[in-house]
Amino acid sequence: MTFFIEVVLSGLMAGVMYSLVALGFVLIFKASGIFNFAQGVMALFAALTLVGFMEKFGMPVWLAIAGTIGVMIALAWLIERLMLRHLVNQEPIILFMATIGLAYVLEGAGDILWGSDVKLLDIGIPQGASDWMLDTFDIYVEKLEVFAAVTAAILVVFLAVFFQKTRIGRALRAVADDHQAALSVGISLHTIWVIVWSVAGIVALVAGIMWGSKSGVQFSLSLIALKALPVLILGGFTSVPGAIIGGMIIGVGEKVAEVYLGPFVGGAIENWFAYMLALAFLLFRPQGLFGERIIERV
Amino acid sequence: MKIRSLTKTIVAALFAVPLLSGIASAYELTIPSFDYRTGPYAPNGIPFANGYGDYMNMLNARDGGINGTKLKLTPCETAYNTKRGVECYESIKNEGESGAIAIQPLSTGITYQLIPKASIDEIPIFSMGYGRTSAANGKVFPWVFNFPATYWSQATVFVKYIAEKEGGMDKLKGKKIALVYHNSAYGKEPIRTLESAAAKYGFEFMALPVDHPGQEQKATWLQIRKERPDWVLMWGWGVMNQVAIKEASSIRYPMDHFIGVWWSGSENDVLPAGDGADGYLSGAFHQPGDNFPAHDDIKKHVYDAGKGLGDRDRIGEVLYNRGLVAAMWTAEAIRKAMEIHGTNKVTGKHVRDGFEALDVDEARLKELGLPGFTIPVKITCENHEGPGQVALQQWDAKAKKWSLVSGFYEPLRDITGPLIAEDSAQYAAENNVTPRSCN
Amino acid sequence: MIYRETGQFKTNYSDDQALFPIAQDRYVILAVLFITFVLVPVFINEYWLNAILLPFLIYALAALGLNILTGYCGQLSLGTGGFMAVGAFSIYKLMVAVPELGFIPLVIISGLITAAVGTLFGLPSLRIKGFYLAVATLAAQFFLIWLFNKVGWFFNYNATGMITSPPMTLFGVMITGPEGVPAAKYLLVASFVAVFALFAKNIARGRIGRNWMAIRDMDIAAELIGVRPLLAKLSAFAVSSFYIGMAGALYFSVWLGSAEPTEAFDINQSFLVLFMIIIGGLGSVLGSLLGAAFLVMMPILLKNILVGGFGTNSALAAHIEIMTVGALIIIFLIVEPHGLARLWRIVKEKLRLWPFPY
Amino acid sequence: MNDKNIDDVILAVDNISLSFGVMKVLDSISFDIKRGEIRSIIGPNGAGKSSMLNVINGFYHPQQGSITFKGETRQQMAPYVAASHGIARTFQNIALFKGMSTLDNIMTGRNLKMKTNLFLQALHIGPARTEELENREVAERIIDFLDIQAIRKKPVGKLPYGLQKRVELGRALAAEPELLLLDEPMAGMNSEEKEDMSRFIIDVNTEFGTTIALIEHDMSVVMDLSDRVLVLDYGLQLADGLPHEVRANQDVIDAYLGIPHE
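Protein chains in written order, with the numbering used here: chain S, 1 to 298; chain Z, 299 to 737; chain B, 738 to 1095; chain L, 1096 to 1357.
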């Protein structure tokens, strides 16, 4: 029994780790209808920059983080300037492709700037198993992931407030619906895009920090994007809470499947199982768990 | 307009290629180096490529090459990707007057891809301890060499080591040994061997695959927590290693009962786990560290001249030394080839004979400035695996260094032998190769 | 260059519906065919074959397939790698089991098997649209790869799951394995591409092609004028997978000669082929070819310029290369979202008016 | 128009009710359309006119009631069935296939008339070829009829509004329908475009003898064209009869004509 609890718990935790990446996708899709494939690489790039600032320039953590946030905002501005601006009103698939191109550029840039070695990222986040849980309940809980879960919670609250309460937030929601509406709120589309990409960049930084401290910062970090996609379709491309709930469902689903089903079919079913699970959900709700309903009319 | 410039560039490409294979003034030996300094496995590819290249450059700087014939190190970025490997191979194989001398594919995928080609293009493949295990059978694979030991030998050596710690082969009965493996051709290599070993010695064997890239292994390690195997072996690669070692220490798995393949035993793999990794074991066939005369020569002749490929302070890392030992054996094979064929203008064809007659004993190692650096190697016509012996190294987290903690173990040939025969036979059958005789 | 359609009057519809209504186009095509099937085979060498021509042609075939699904029928798919794997493992099993059938039939059978699998995984498309479908097709990608990696039967229970293509001959000439004759390999694959490009063109301009495009442009309206979404979408999945399956079969048996599922058919394959059709031009047969050519040759070209030309070290070169490819993708999308095919058309339009640019 | 025989009913709508969730769109509507007539459905925006058409050609499935088309009675039918039984339509806001040329759009309208299989089409030989040519000729006849030869090869997405409406009519005609549903074919047209469109509608009706159900806001047009008029108001059936009767009907005047429309 404790083992099952353990599996479910770690599933939830892992799920939240995925959600952190999925959140970035959601933000950008919500506000600009762009499926930003570069989100994973952005996480890598952010983490690389952070480590770089700390190692190469010996900055203290807080300064390095501040610096990285600055870099991510600058990046957002560049992306809007050089890319999005010229692709307004293009088909979604074209924008999607553009972001893949962007992913390539960031990947190369990150490697050239900071090198391709594995880099340790330690900004004092607690790590390893929680001894207390292990000794008292014999349940294995990774401190880092608890920390990540808390961070995610805070992040979501922050975003919720941001979207509901602030003027910019409302503007972002408006853009999601249509661009005219956004303008009517009195904020130019370009500004909005810069803002939303910056926010996504910061979310990417958070994800990068979590995954980076988990496995060291290296290229593979960018591949977590693939783990976030099923979360995304499950939760719906446009829903922040969806990203979290979806993450948890996927996390628990794939872990339970791997542990209880895996041994009988040779294991390593996590990856496709996550997608199959998401697919199964889609067949009942084609717009995802929390996505806006699609109404067809002529 | 764009179309026109595009066609221009394409045309340019057409001519760029022939131009590449430039005209060498003096006879040089083209030494291809298939490195991967990009992509998910770059952290492992870089030190190996540095070690390989630095040693070759050192030979050039110190002795003006081999017997006075310059070595032309020709790197090609594969990104650990078979398709790029094909392009590299095709662009390098006829490079220079000598053509590619010997290929170190450094990727299971590329090795398998090149094995059939080697005999046609007459370029020996030196897949040092990786690639197709059954290539150890020189009768079926005359052009492929995978000494000093294959994955299968290594797996059996681990079994022997475990038995020793448990107090004898008979003690293996009833023990539980788990294998955490990279879910790919490479990772699957040891399974069959371990299964037959399990059958023979009556220990329980469980295999737990981890998908590429392997950042998320909770499920795997929860199962290990549940099953509580007495020993855990790992055939990992890239980020998978770091995460696995971390998870293991998190669940308080005794590190000295956790043994990685020699691709899971570099500084990269253990550092992220910090002190938790202390006592972790891995296979090895050469010494870590940079305290050998050869290393000093490299520093003196290459790094002091500012020609070093990597950072000076990373010389002597495990994977660096692995690149270095690969370079050393290749160079020795070339030397042998020159000796056999009595010419310095050797080509791949000659070097194959060099490999097959290779005999680097301790005395020779001393001359090479690598005393006790690795195990003596002697290759014969039918045995391309050489000694097949493997040692174990252990990580000391305090001192942050690896050190060999065992002698070289003889593999369980009664297990590996039949498997190699069977697998090479299957290859011979599917590709209608008639094994050559070695008498 | 004289390129006019003035004075070329069509007296009946069959002329007008000819593949290349304009005489000059026909000459161009004849020239291309001549170069492809006469000149190249004479001058071909192994580098050109293995590094450029084979990958170009094989990816072109795959791109044709994906373009049918995504470009013509508007169903975004990221399962290409998985479907190529189906083709590859099909032909491996067939080559070992029934080589006597002959190579070309084996390739086609592999395509058909893939078509069946593709149709199966196409079923969700009836309910799921857009990016949701795209991500759903990833389920196919990951599941298929896992399957081929796990189930021993597919790789004849060898130790590693790595498959190696046994040597086979066609008309007495070796076309697979290391002893394959370059010209023969090339001609075989080139013919496949030429023939099936023609077929694709024919299907695209006929009833079925129009129904696909109708579904793509406005599925509801299409349904209301009697196009059955089920048939249209599934037929698109089937035909598309058929092409991709054959591409996969050739990719493994003729080009690589050996493959392991987790590496040779991973998700990047799916993306690469998608790039090709978008760079080349969605809903364009020519575009599929141009896109494949572009994305196969561009990295090699960059590499040759950087490493060969400027002697950049291979790592830095690789980084610059990937950045440049990424940047080029973006620039292309900005300059001409409709791809190379459209650029070509624009050039033609210009030439038509030349020398009077108004 | 009195020369044509409008006795036999081609379509009978019996007591249809349709609602989305709580919102009732159609409330027990019953009427019929006789073969060869031009039947107008009018009513203010949101009266449920388009929904009525959507029910007729099977896009919406009514909760209650039945439809009898050419003698066959159904509770509902799939759009494909409706189309194959000879119901074609145009749409309120144009639903052309924007990426395709005028010709291809109209050819798509022919798709139910074409039968050859994938393989023949891939080879483009024999039946496939001849079939393509025959249907091409039909399409060309429609193109001539609508007088849009000039834009034959142009992608419709770029055409001006009026022309798009024409192409859409052409696509509907290509199916050689027995019953043609026109949803505001003249919306947003200037007077002469309306002239042309009215002419086309009458010609279609008289030359091909196609039965037409027409939704239109412009009363003058409705009164000129229609044989009979059905008036809907917020899902309810307000009146049904000959144009002058409807015009005289007090409820209609209050509910509809009173309101100035665009």
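Just so you know, the hints here were simulated from the structure itself, not pulled from any lab data.
Keep in mind that the hints are not guaranteed to be accurate.
With a straight-line Cα cutoff of 27 Å, these simulated DSSO-like cross-link-like pairs (lysine-lysine) come out [said to hold, decoys possible]:
{"id": "1", "chain 1": "Z", "residue 1": "Lys474", "chain 2": "B", "residue 2": "Lys887"}
{"id": "2", "chain 1": "B", "residue 1": "Lys1085", "chain 2": "L", "residue 2": "Lys1249"}
{"id": "3", "chain 1": "Z", "residue 1": "Lys643", "chain 2": "Z", "residue 2": "Lys676"}
{"id": "4", "chain 1": "Z", "residue 1": "Lys676", "chain 2": "Z", "residue 2": "Lys647"}
{"id": "5", "chain 1": "B", "residue 1": "Lys1085", "chain 2": "L", "residue 2": "Lys1193"}
Now the in silico label distances, taken between C-beta atoms and shown as ranges [said to hold, decoys possible]:
{"id": "6", "chain 1": "Z", "residue 1": "Tyr325", "chain 2": "B", "residue 2": "Asp762", "range": "49 to 59 Å"}
{"id": "7", "chain 1": "B", "residue 1": "Asp762", "chain 2": "L", "residue 2": "Glu1229", "range": "24 to 34 Å"}
{"id": "8", "chain 1": "B", "residue 1": "Phe771", "chain 2": "L", "residue 2": "Glu1229", "range": "49 to 59 Å"}
{"id": "9", "chain 1": "L", "residue 1": "Asp1242", "chain 2": "B", "residue 2": "Phe780", "range": "34 to 44 Å"}
Covered, in the sense of this in silico footprint (three residues per stretch, anywhere, with C-beta under 8 Å from a C-beta of chain Z), are these stretches of chain S [to be verified]:
{"id": "10", "region": "59–65"}
{"id": "11", "region": "129–140"}
{"id": "12", "region": "249–263"}
Built from N, CA and C at the ideal position, the CB exists for glycine as well.
So, going through the hints one by one against the coordinates:
no. : hint                              : result
1   : Lys474/Z to Lys887/B              : holds, 23 Å
2   : Lys1085/B to Lys1249/L            : holds, 16 Å
3   : Lys643/Z to Lys676/Z              : holds, 24 Å
4   : Lys676/Z to Lys647/Z              : holds, 19 Å
5   : Lys1085/B to Lys1193/L            : holds, 23 Å
6   : Tyr325/Z to Asp762/B: 49 to 59 Å  : holds, 53 Å
7   : Asp762/B to Glu1229/L: 24 to 34 Å : holds, 26 Å
8   : Phe771/B to Glu1229/L: 49 to 59 Å : violated, 35 Å
9   : Asp1242/L to Phe780/B: 34 to 44 Å : violated, 55 Å
10  : 59–65                             : violated (count 0)
11  : 129–140                           : holds (count 3)
12  : 249–263                           : holds (count 6)
Against the hints set out earlier in the document, violations occur for numbers 8, 9, 10.
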